[in-house]
Amino acid sequence: MANAWKIARKSSAQLPLVIVIALAVVLVLLGKANSGIFDQARMRITDWMAPALEAARSPVQGVGRWMGSITEIFSVYEHNLRLKEENARLRQWRNVAIVLQNRVDRYQALLHAVPDPKMNAVLARVIGRASRPFLQTMVLDAGKDDNARPGQAVMDARGMIGRIYLTGERTSWVILLTDLNSRIPVSIASSVNRGNAVQAIMTGDNTAMPTLAMVPGTVTLHAGDQVTSSGDGGLLPAGLPIGTVVADGAGGRGAAGRAPPAGRGGGALPSPPPAGGARRGPPPPGGGGGPKPPGPAAPPAGARRHPPPRARASGGQACGQAACARRAGGCGRRRGVGP
Amino acid sequence: MTSLDRSAAPTRLKYLVALVPLLCGLAGAVIANIPVSLLGGLVPPPLLALVPVYFWCLVRPDLMTPAATLVIGFCEDLLSGGPPGVWTLSFVLTYVLVARQRDSFASLSGAAAVLGFAAAASVTCACAYFLIAALYWHLPLLAPILSELAVTVLFYVPAAMLVGAIHHRIVGPLRSDI
Chain A
1 MANAWKIARK SSAQLPLVIV IALAVVLVLL GKANSGIFDQ ARMRITDWMA
51 PALEAARSPV QGVGRWMGSI TEIFSVYEHN LRLKEENARL RQWRNVAIVL
101 QNRVDRYQAL LHAVPDPKMN AVLARVIGRA SRPFLQTMVL DAGKDDNARP
151 GQAVMDARGM IGRIYLTGER TSWVILLTDL NSRIPVSIAS SVNRGNAVQA
201 IMTGDNTAMP TLAMVPGTVT LHAGDQVTSS GDGGLLPAGL PIGTVVADGA
251 GGRGAAGRAP PAGRGGGALP SPPPAGGARR GPPPPGGGGG PKPPGPAAPP
301 AGARRHPPPR ARASGGQACG QAACARRAGG CGRRRGVGP
Chain B
340 MTSLDRSAAP TRLKYLVALV PLLCGLAGAV IANIPVSLLG GLVPPPLLAL
390 VPVYFWCLVR PDLMTPAATL VIGFCEDLLS GGPPGVWTLS FVLTYVLVAR
440 QRDSFASLSG AAAVLGFAAA ASVTCACAYF LIAALYWHLP LLAPILSELA
490 VTVLFYVPAA MLVGAIHHRI VGPLRSDI
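Read top to bottom, the protein sequences are chains A and B. Those letters in the first sequence? Residues 1 to 339, per this note's numbering, in order. Those letters in the second sequence? Residues 340 to 517, per this note's numbering, in order.
Hints are computed from structural coordinates only; laboratory data are not their basis. All values reported here derive from a predicted model rather than from experimental measurement.
Distance windows between CB atoms, simulated:
1. A/Val-26 to B/Tyr-475: 14 to 22 Å
2. B/Phe-469 to A/Ala-41: 24 to 32 Å
3. A/Gly-239 to B/Ile-373: 33 to 41 Å
4. A/Glu-78 to B/Val-369: 38 to 46 Å
5. A/Gly-151 to B/Arg-508: 46 to 54 Å
Where is the CB? At the ideal position from N, CA and C, for every residue including glycine.
The whole structure should be built from the sequences, with the hints applied where relevant.
Put into structure tokens, the structure is as follows:
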């Protein structure tokens with residue numbers, strides 16, 4: 001031991017330390033200037049680890065499902081009643097959607113309008129999720145072989161949850177909307193003044209609620225306003241449902257809802273309504289002027305009447321066992337993997 | 340010739356054993372960064388790679404060299420998916436602190452040893468936090484990094500026991516003249 005201490009305490013031993021610190025600083029600067037090299041290495045590692053991740057995912061998912069079933073067994077009856085009610089409501093919404101779709105088709109035919117580009121999807125499984133202090137990502141089992149490309153939107157049953165930022169041959173890394181680096185242009189449809197859409201930037205901050213920034217100062221957002229992708233910049237298609245506006249809890253701005261964590265709920269169930277916040281759910285199938293949807297979502301109790309323009313949007317939290325990459329005119333359907 | 344072979348085999352073994360701290364650090368980075376969470380992502384994974392760095396920096400600094408720390412930190416960066424170099428620099432700076440204050444850290448035992456590791460881990464997390472703040476030009480939330488620190492300290496005791504066992508069984512007996 002004494003010998004080792006002497007080795008470390010020799011003055012010449014300080015030289016590698018300085019070099020190593022310099023190398024580490026160079027790595028930081030190099031990563032900032034050009035992260036492509038590191039990204040390629042990451043993708044190679046992830047591709048290589050994909051079978052192991054898929055193998056590891058099954059028992060973890062099984063344990064989670066088993067633990068969830070223990071708690072849920074006591075509330076099966078209530079769940080059943082709630083699901084029946086929700087099912088009935090969704091059937092009514094489906095009828096409304098069909099009526100509105102027919103109307104849109106008729107208008108488009110009358111106007112000889114160019115139809116919207118078809119969005120193709122690739123179904124993929126979430127085989128891993130990294131929830132680090134400065135990072136909210138997940139790994140999908142679809143890569144370049146499945147025509148997944150960086151920039152494509154990733155959706156689960158509730159709407160858009162992120163976008164692909166790295167693709168390997170068989171896997172992709174997804175940056176979630178809640179990630180610190182996530183910034184996407186969104187459109188906010190007012191639930192009060194129908195037809196007035198507000199453009200904003202949704203920025204992630206590693207919390208469950210991304211923030212809506214760059215909202216014009218003259219605009220008042222209301223809890224329950226629907227947030228969709230605006231399509232500005234051409235990277236993402238417009239109109240992808242993202243979530244709803246909830247009042248910001250800071251400084252008496254209201255409360256924010258929390259989406260269920262990954263691996264729970266199968267990705268299909270909406271998050272429970274937050275206290276004083278807004279309910280997350282599918283956007284209404286029609287904007288202003290359409291038929292009144294049955295059982296409209298009431299304004300959330302406790303939401304401020306005039307919240308400040310800066311607000312948060314619920315959603316963006318990955319919960320899905322399955323996700324799909326979408327892009328206008330993008331990748332074709334290659335395969336379907338159910339959750 | 341026979342005697343030469345006999346002496347060469349243990350030397351090779353010694354050099355292999357000298358890699359054990361580095362391999363433990365790399366294994367810690369890999370295990371902590373497997374993107375599968377038992378708790379559904381509620382709790383961040385611990386910085387398991389920091390435990391071998393801290394442990395062998397105190398016990399055998401000749402085996403846990405600055406270069407080995409750099410490699411472990413780089414592996415952590417590569418696997419965690421964050422901006423490259425953040426954990427590398429944080430690990431190296433922590434190594435510098437621990438190496439400079441080796442007398443103080445090495446004399447700790449029991450709960451104080453955990454506190455000593457907590458102090459080192461705090462330095463790592465603080466470095467990473469401020470590096471991220473500098474790279475993204477705004478201060479991230481403190482809660483996630485604090486929870487990562489808490490989880491890392493929580494995992495220190497079992498991880499240190501494992502690392503200690505590896506040290507005593509594999510590295511310890513051959514520590515004389517590597």
